[in-house]
Amino acid sequence: MSEQAMTFVRSELAPERRAPVRSTGFIGFLRTRLFNTPLNALLTVLGAALLVALIVPAVRFLLIDAVWSGSDRDACLAQTAGHPAGACWPFVQAKITQFIYGFYPEPERWRVNLTFLLAGLLLLPLLIPRLPAKTFNAALFFVAFPFVAFFLLYGGGIEGFAVGWVTHFVSTFILGIGDAGARLAELGLSSPSWFGSLLKLIGDGIVWFSTGLLYVSFPLFWLRDEIVASGQPLWADFAATAVIVSVALFLLGGGLRNGWRALLISLATFVGIGLVILAMGLNRGGLPVVDTRLWGGLLVTLVVSVTGIVASMPVGIALALGRRSTIPLIRLFSIGFIEFWRGVPLITVLFFATYMLPLFLPGNFTVDGLVRVLIGIALFAGAYNAEVIRGGLQAIARGQEEAAHALGLSYWKTTRLIVLPQALRHVIPGLVNSFIALFKDTSLVSIVALFDLLGILRAAFADPAWSSPTTLFTGFAFTGLIYFVGCFAMSRYSLFVERRLNAHRRH
Amino acid sequence: MSGNLAGSPIVTVAGLNKWYGDFHVLRDIDLDVGRGERIVICGPSGSGKSTLIRCINALEEFQEGKIVVDGIELGPNLRRVHEVRREVGMVFQNFNLFPHLTVLENCTLAPIWVRHIPQKEAEASAMKYLERVRIPDKAKNYPGQLSGGQQQRVAIARALTMNPKVMLFDEPTSALDPEMVKEVLDTMVDLAREGMTMLVVTHEMGFAREVADRVVFMDAGQIIEANTPANFFANPQHARTKLFLSQILR
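The listed protein sequences correspond, in order, to chains A and B.
No gaps in the numbering here: position 410 of the first sequence is 655 in this note's numbering, and each next residue is one more.
No gaps in the numbering here: position 214 of the second sequence is 495 in this note's numbering, and each next residue is one more.
Check the hints yourself; a few may be wrong.
Stated by the list, open to error - Below 30 Å or equal to it, Euclidean Cα-Cα: the simulated DSBU-like pairs (lysine-lysine) are: (1) K523/B - K379/A; (2) K523/B - K658/A; (3) K379/A - K421/B; (4) K658/A - K409/B; (5) K419/B - K347/B; (6) K463/B - K658/A; (7) K446/B - K658/A.
Stated by the list, open to error - Which stretches of chain A does chain B cover? Using the computed rule of at least three CB atoms under 8 Å from a CB of chain B, they are: (8) 428-437; (9) 592-605.
As the list claims (entries may be wrong) - Listing some non-contacts, in silico: residues in chain B with all C-beta distances to chain A over 12 Å: (10) A295; (11) D303; (12) N387; (13) W394; (14) E404; (15) A440; (16) N516; (17) T522.
If you're looking for bench data, these hints aren't it; they were derived computationally from the structure.
Glycine residues also receive a C-beta, built at the ideal position from the N, C-alpha and C atoms.
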């Protein structure tokens, strides 16, 4: 090689030139993407033909040939319409209230509307990142709203408050232990061997233990009796709870030095709770009870899916952390829990919760059917989420935790501030995937006699007044649209969140 | 082996032994670090030098011996680990900045959540340290938007915000492009001039010569030789040290 080629110094800068062919704009798009090779041109034509073959009949059925008004099946017959009948929209119009409320009694339906409105008002600002007061908003939606929604949708009032509930729980628990001990001792007495006397000894020990517990918790019972004797059990209990909780938070928050903020928040919260109790008349028996067996349609679908999605997150996070714990018992429990719930079909879970669980629980202990289903779904979805979240946890480099530890952050603070925020960002697509799956899986509750949107649709098909050749397709098209809107909204929102949270990855 | 500075040592490592399974990684390590002393630890890879300084703030557990940092004793049970970590700052080879937080948030996280300093105050103090490492204009950026050298300087500032009494550096320049080594070393030299107690694991022999009070050479989990930099480089005693120096100094 000559010496000239070894050294090079540019003498003139290269001028800017136009792009070679038109590769921008619509024409450019056609030329570079759709018709750049013969094969691609063929595929483009085939694809277009397929689209036409699908879309034209769909539009014809849903819009052009559709019947828009009428009072019964006659309107949706071809001979009445004068042309091949398409979608039978009067059917949807006639049944729309059922689709939304199920068999919820008509005079009480404003309660459902109000709940939907409240949920929307609380959820929308939570979803818009620009708006302020996210913590307060989240507390209202995730903590306060479920209680309000329960008393709105189900109805009923309260006669006591936390002191009463805790006392009831504690006394049931202690008496249960004592009872078990007494039975064990009895059993020991009836069998004469050394084994019998051992049982007797253990049984007596348990009885003594429970008696001891009763004495230890005496102040609680005394307080409860005083509250009941006051003649205003709800408000006396409410005041007692407010004082106890506020003082406890004040002391935990740092006492005279830093505790004032905690005290203020606690008192404000209790004032809020008191106002809600007054506004909803919970102290006077509340709204008339609407049994969950009457709930149905979109209401059930939304209650089940929103509760499932919201409740499955903490379950999933706890299980994912538990599965990586260094404490063997916690790890084993988490693994067992996850594998069990993932190994069982959702239908089995729902069946078990609805028909088997009542057989195992003591007779005086009943849980509403819908609540049992909700718990089942939350645990089921939680097990799935746990594995998704664990995937995210594994993507976090060991150095992140080490750096946080080296700065003096504890395990919990490291997890909360460093590990989880990063891990959850990594797994947004996977989480939304399971949320969407869960939203659609709620239709499985129809096999345990809960009428969700799909269940109520099938019930509506049975109405002879609307049996026409196209009723079935219309109904499924309509509910399909509702599901699609829900799922598509979740999908788009998750993409938005992903883009926003991953701002730090863009350079 | 004791520090050549007067006063009681701020870090004492006594009879430290550590095993990974059956592998004896640290053997009978004794080391006193005086207040304000700068120690450079060098040695071939796998000699246990990183493991040693990671033991000092309890990122690694050990089986025998004790470590005392500013009067806080750390035995094999690591009970007082949080107290020790508050006094010891650490800079890692791979920076380990938190990628989801801005530079400023990286620097205020520990003061706010560990020392419970109000946010405004923590931010003001963090800005002071960012100015000290000459990078205040990047406070609102995310770590991913910075160069390696800039990230490492932020990591130094982040450790300093906790007002540590001792700073540990675990090969702080090994993951950097050659162009960026200098800016990080300059920052470390500044820190040394201000009197910070430093334990630095590094292959930068220039830094050792210029800044260190003592150079400690390790091999096979043991301290082979420790000396002032002048003596260490001019007149190594042990055969292993001579071999090591002949290979890295050309």
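Pair hint K419/B and K347/B, alpha-carbon separation not exceeding 30 Å = This hinted pair is violated, its Cα atoms lying about 41 Å apart.
Are K523/B and K379/A close enough, with their CA atoms no more than 30 Å apart?
-> Outside the cut-off at roughly 63 Å; violated.
12 Å Cβ clearance of N387/B from chain A | 9 Å, violated
Given hint K421/B paired with K379/A - CA-CA distance at most 30 Å = Given pair K379/A, K421/B holds - Cα atoms ~22 Å apart, limit 30 Å.
Taking the closest pair, is the beta carbon of D303/B still more than 12 Å from chain A?
-> Holds: least Cβ distance 21 Å, greater than 12 Å.
Taking the closest pair, is the beta carbon of E404/B still more than 12 Å from chain A?
-> E404/B clear of chain A: closest Cβ-Cβ about 16 Å, beyond 12 Å.
Evaluate the condition: distance from the CB of T522/B to the nearest CB of chain A exceeds 12 Å.
-> With a cut-off of 12 Å, T522/B remains clear of chain A, as the shortest Cβ separation is near 30 Å.
Would you check whether the claim that A295/B is not at the interface survives, using Cβ distances to chain A and the 12 Å cut-off?
-> 22 Å, holds
Given the hint that K463/B pairs with K658/A, test it: the Cα-Cα distance must not exceed 30 Å.
-> Between K463/B and K658/A the Cα gap is close to 35 Å, so the pair fails against 30 Å, i.e. violated.
Take the C-alpha atoms of K446/B and K658/A, compute the straight-line distance between them, and say whether it is at most 30 Å.
-> This hinted pair holds, its Cα atoms lying about 23 Å apart.
Mind checking the alpha carbons of K658/A and K409/B for me, to see if they're no more than 30 Å apart?
-> Holds. K658/A to K409/B sits at ~25 Å (cutoff 30 Å).
Do three or more residues from the region 428-437 of chain A put their C-beta atoms closer than 8 Å to C-beta atoms of chain B?
-> Violated - the region 428-437 of chain A has 0 residues with a Cβ nearer than 8 Å to chain B, which falls short of three.
Of the hints listed earlier, those the structure fails to meet are numbers 1, 2, 5, 6, 8, 9, 12, 13 and 15, in rising order.
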